[in-house]
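Number of protein chains: 2
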Amino acid sequence: MEIDQRAATGQGKGVQHFIRGWGWLKALPGKSTNKAVEVAKSTKKIGQDDPRRVIHSLKVGLALTLVSLLYYWRSLYDGFGVSGMWAVMTVVVVFEFTVGATLSKSLNRGFATFFAGALGVGAQHLACLFGEKGEPIVLGMLVFLLAAVSSFTRFIPRIKARYDYGVLIFILTFSLVSVSGYRIDKILLFAQQRLSTIVVGGATCIIISLSACPVWAGEDLQKLIASNLEKLANYLEGFGGEYCRDAEEKQGVGDSEGDKAALLQGYKSVLNSKNTEESLANFARWEPGHGRFRFRHPWKQYLKIGALARQCAYRIEALNGYINSDIQAPWEFRNKLQGSTLKMSSESSKALKALASAIKTMTDPSTANFHVENSKTAINDLKIALKDTSVETPADLQAILPIASVASTIIEITRCVEKISESVHELSSLAHFQSFEPTVSPEKPHGLLHRGSIKPVLGSGGEHVIITVHPTSTHSLENKILETPKAGQRLDM
Amino acid sequence: MEIDQRAATGQGKGVQHFIRGWGWLKALPGKSTNKAVEVAKSTKKIGQDDPRRVIHSLKVGLALTLVSLLYYWRSLYDGFGVSGMWAVMTVVVVFEFTVGATLSKSLNRGFATFFAGALGVGAQHLACLFGEKGEPIVLGMLVFLLAAVSSFTRFIPRIKARYDYGVLIFILTFSLVSVSGYRIDKILLFAQQRLSTIVVGGATCIIISLSACPVWAGEDLQKLIASNLEKLANYLEGFGGEYCRDAEEKQGVGDSEGDKAALLQGYKSVLNSKNTEESLANFARWEPGHGRFRFRHPWKQYLKIGALARQCAYRIEALNGYINSDIQAPWEFRNKLQGSTLKMSSESSKALKALASAIKTMTDPSTANFHVENSKTAINDLKIALKDTSVETPADLQAILPIASVASTIIEITRCVEKISESVHELSSLAHFQSFEPTVSPEKPHGLLHRGSIKPVLGSGGEHVIITVHPTSTHSLENKILETPKAGQRLDM
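From first to last, the protein sequence lines are chains A and B. Just so we're aligned: the first sequence equals residues 49 to 541 in the working numbering. Just so we're aligned: the second sequence equals residues 49 to 541 in the working numbering.
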């Protein structure tokens, strides 16, 4: 306080600076405690959000300790720890969160080391032919050529996605071996040592990664796609409530505003999920069969569904823009359109939820068809409602613009959901999802047989639908689960 | 042909398989030639799309050759190539496409090696106190603890984004040093050798990366954001033509369909540019001042503009959906709305182009204000046009739905462009863009002073605007360019 008063009397800038600095210094312990508490809280949240992260960290620690100690003892015995170094390095660099990523890196590292080592030996052999003076020149040229060409291949998208790490290790090993300056016999020993330690390191990672709570990229991809569909469904479900509330209500309740924001956040994450989906699909290709997934599971189809879900999310983003602006349409008009608009959104939401659960449980997605057909009917209803409506004053026309836009956007969303449904049906037949119709011929995996299994008897406004559900489905699902462990044991990559 | 006939007579499946196999074998040379030509073409295209990729590959080759040969000679002299290995490894792993990424990795690697090395020496010292039997146990526990904790920190988004590689090298070095089994004096030699070779490798990368055609992440980010705005502008510009054409015309011309597709592809890349933008911004933070960019350039503001551009792209995506569906509104009604709709889109397009060029040339973006104001006027015009319109038959109401949706969406896009304009003005004052008003006070970098520089005299439909453009602008821009080399020489990171 005393200091503050001195500042108030105005004793120049120096004093003010001093006071500011002093205040900052006094606040420092409190600030840093606060900061530490904050960091601890957010760190705890990261662990709680996905406990597999904690398990992964412990697994890395375990793998590294095992390999380190193995080579600690060996290096004590040999008096030299160079070869052990490669194993430690391999574990640190190769152990990734998902099994697929770990396998991808291990195999890339192993094969790249092998081929580059062989090529490196050849290069040195070739360089030797040019005499003592020519050798470094030839070696330099070879290293330059190979490094430049390999670096360039890393810009090719397909190589970037799958073999980027392999190319890196290829350049590394080739340079190391070719310029090592050893004689050929020593190089072979060196290469053999390095390869064997890399195999030990890689195998440790793969075994630990697979044995204790494995994180499968494929399973994560499946869950991500399903949860993305659910997030869209949640928005469309909540949309009804938002849309019907009046403007005054909207400003009233703070609590439900928070809920609404959470609902919005949900679909927004779908907008930017492309990269995550693609990298998961890339890693999933490396994974052996496990659980209900075979080795050549159609992961690409998940990406297709993901892309359609994003299309749908873009439209929801547009819809969200309209909802936030004030809608002041005449009550009568609004009421007429509201029924079919709400039906479209709620049926689309139900269809998406059914599709998401079909993806999660890997069962036939036919239950969604009913809701898709219902939402199509609602489009027709809307058209009929519009035909009955007359606009009396020009002012009305301006007022109905937002409502009309909401309706058109929902129509677009409904069409998007239809496409998603088709795509999930395709996935279902490609991946041989547990079907409600055991008569599906296994010789035509690409035919969209399930899509014909439900045939609504519809006129322009009809609502009759014929569905046949075979009660054996749960039973055969159990059989499927019992069968799978065999497939899970295959590691024949 | 003969073989085909034999198959036709049906001599069993074996023959058919043989024929298929034979056909495949016969086609193989042709196929592989085609494949090779295809791969060569796509590879050439990758180089042509961005010639800096070719230069980068050559630079990597050069750096690696230099370091390799340096250590080839040294290892011949020493008879041992281990320490040289670290330099080769550093170059391969650290040399990235942009200067920022290379600097980020070099510094991460250098500092992580230093701290982890020091900690490793301490750990071994501590372990020694526990006697010969206790030592491996204590070391193992320490390695486990440090590896587990460090691996977990890699899940924290902020560390993941900036220090991921550093943490990796930290774990690696700590494990290597602490379990190396050497005596302390030998460890110090080992650590010193490793650090010095890493410094040599890193310095080689940084020097080569900076000296020959440097690729600046910051500049790429600036270009990306500007080109994203341009892509949106191109769509809005082309939109008018698309919108006015009748359905018959749409089916008619094949060539223009191709153009249209290219136009569509343009804005679609904006939808998924988030990750690229973020990683470029992350790398840009590591870059020293260069050209017209200072060291602490407000890169975050570019991300803000990028996010708004994506918002705009989502709305364009929705708009694109409406355009592709048939629009059959009554001619008279369509004509009335068309004028202001087209004006909104063309003025928004012009505003975006002006903003993009302001970002690119780092000049005051006030020229966009005129077009933003014009587009706002067009919104009012649309409202007036709607007031004058009467809908005579109920069928009309249904037909005008798509047109109404297009109009609403364009209104949303116009609002989005307004926000982008505000954001670019903010950037302009944060980054001290070359202003048309030399009187701007440098003490208020956060104020949006430029926004007041143009004040349209508008009623609801008025179009009078006062703009003052100082003719000195080009002159002072030249001065700016002449000043900048000094800033570019700063490498004080």
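Treat the hints loosely; a few may be bogus.
Pairs involving identical chains hold if they fit within one copy or between any two copies, as the list cannot separate such chains.
[Said to hold, decoys possible] Below 25 Å or equal to it, Euclidean Cα-Cα: the simulated DSS-like pairs (lysine-lysine) are:
1) Lys83 to Lys348
2) Lys208 to Lys93
3) Lys348 to Lys322
4) Lys92 to Lys431
5) Lys467 to Lys89
Quick caveat, the hints were computed from the structure, so don't treat them as lab data.
>> For a quick check of understanding: which of the numbered hints are violated here, in increasing order?
In response: 4, 5
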